[in-house]
Amino acid sequence: MSSIHGESKLTFFEATSIIVGHGVGSGILAVPYLAAHNSLREILLILALCYCFNLVLHLIIAELSYNNGGAQFIGCFDRELFAGRFKQIFTWAAFALLGLSVLVNVSGFLTGAAAVFRSWFALPDWAGMLLFYIVGAGVVFVGMKLVGVCEKIAVSSMIAVIGVLFVATLLSDMSPLPYGFHGVNNALALFGMVSFSLSAVMSTPQVVKGLEGNVKGIRGAIAAGLGINCALILLVTIMTLLGAGANISEDGALVDLARHLGGWVSVVGYVFTLLALATSFWANTLNLRDIVNEQTKWGLKPSWLAASLPCLLLALFSLASFVSFARYASAIQVVTGLGIIIAYHLSRKRVGEAPIVGRFGTLPFQILVALCTLLATVGAVLPVS
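Note that my numbering has the sequence shown beginning at 32, numbered continuously upward.
Because the hints were derived from the structure by calculation, they are not lab data. For glycine and all other residues, C-beta sits at the position ideal for the given N, C-alpha and C. This list has only true hints and no planted wrong ones.
Ranges between beta-carbon positions, derived for each pair: (1) R381 <-> K40: 26 to 32 Å; (2) L76 <-> E384: 32 to 38 Å; (3) V173 <-> F121: 30 to 36 Å; (4) S34 <-> P414: 46 to 52 Å; (5) L80 <-> P414: 19 to 25 Å; (6) G251 <-> L369: 23 to 29 Å; (7) I120 <-> P414: 33 to 39 Å; (8) L80 <-> P207: 21 to 27 Å; (9) L177 <-> D204: 39 to 45 Å.
Work the whole structure out from these sequences, hints included.
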């Protein structure tokens with residue numbers, strides 16, 4: 032697959048940052064709200080399980096895209112999964128479902144950014160959304176290389192900010208960590224949100240294309256990106272639980288923590304939240320731009336507008352909260368993993384080799400990943416108490 036060429040060539044760090052940036056957004060900032068309804072034991076166990084199953088899932092996705100020249104999901108489904116007289120109907124239905132998932136997801140980023148601007152500058156929500164959209168969408172308008180560079184800078188900045196916030200949290204008045212089992216529903220809801228937070232499924236083809244089919248680089252970027260995301264989720268969750276305690280709202284983790292810490296530390300928390308939302312906004316709208324372009328052949332710039340503008344409109348005219356948007360998006364997006372598994376199964380049989388995922392892509396692992404995906408989907412719609 033040395034013939035794979037993307038819009039731009041990415042370095043290993045840029046490819047890893049795209050994986051990180053896709054996940055560090057609405058999901059990671061919503062996890063502490065659900066983690067507060069579980070014990071520390073469940074939090075750690077769920078994080079470990081979600082990393083393992085997401086690693087296999089993302090390697091499977093990478094190989095599916097690799098087998099199809101770096102194509103996005105809809106292109107892979109069209110070539111591997113759909114056939115017969117209803118092929119076009121199935122392809123457009125998958126396009127609509129996946130597109131809706133990203134639209135809802137990106138609308139969540141805009142809603143989260145509005146909450147930050149409201150808390151920080153007392154801006155009305157519509158103004159915060161519009162400001163964030165103009166800055167975020169402008170990066171994607173330029174193209175994949177700028178997205179990769181901005182993701183790299185933002186991820187490095189976020190890691191530094193998390194270190195500062197963690198120390199500040201330890202020096203402030205701390206609340207006890209949650210303990211005791213709080214029920215299966217709460218655990219499954221957390222499992223669904225952590226799975227969503229680690230999910231960079233639609234950015235994986237960007238890594239395949241950006242690294243031009245380099246098998247070792249693809250595996251390393253995915254494993255490293257998911258690992259960094261897992262560590263960030265744990266740090267953000269623990270410090271929010273220690274800092275905000277039971278006062279965690281649905282506005283997003285670091286907005287609550289910033290309110291608790293106050294002063295200059297609150298500004299750092301707001302900056303992190305905006306960086307996290309921006310990285311996910313870039314990754315998701317870039318992915319949707321490519322999906323729209325693959326399906327419609329409109330060209331990159333018209334596809335960019337079609338991918339980003341409806342997200343702004345949905346956020347402006349919806350009454351859903353930040354965490355609600357994140358949970359709706361996770362319910363839609365995680366379930367598409369089932370179609371991916373089936374498409375990969377057919378692709379693996381057709382190609383006859385598995386250079387990226389190896390034996391972890393065999394049928395037993397496919398079934399296990401599919402079951403975990405179903406479990407995460409159920410968790411995404413369960414109420415918490």
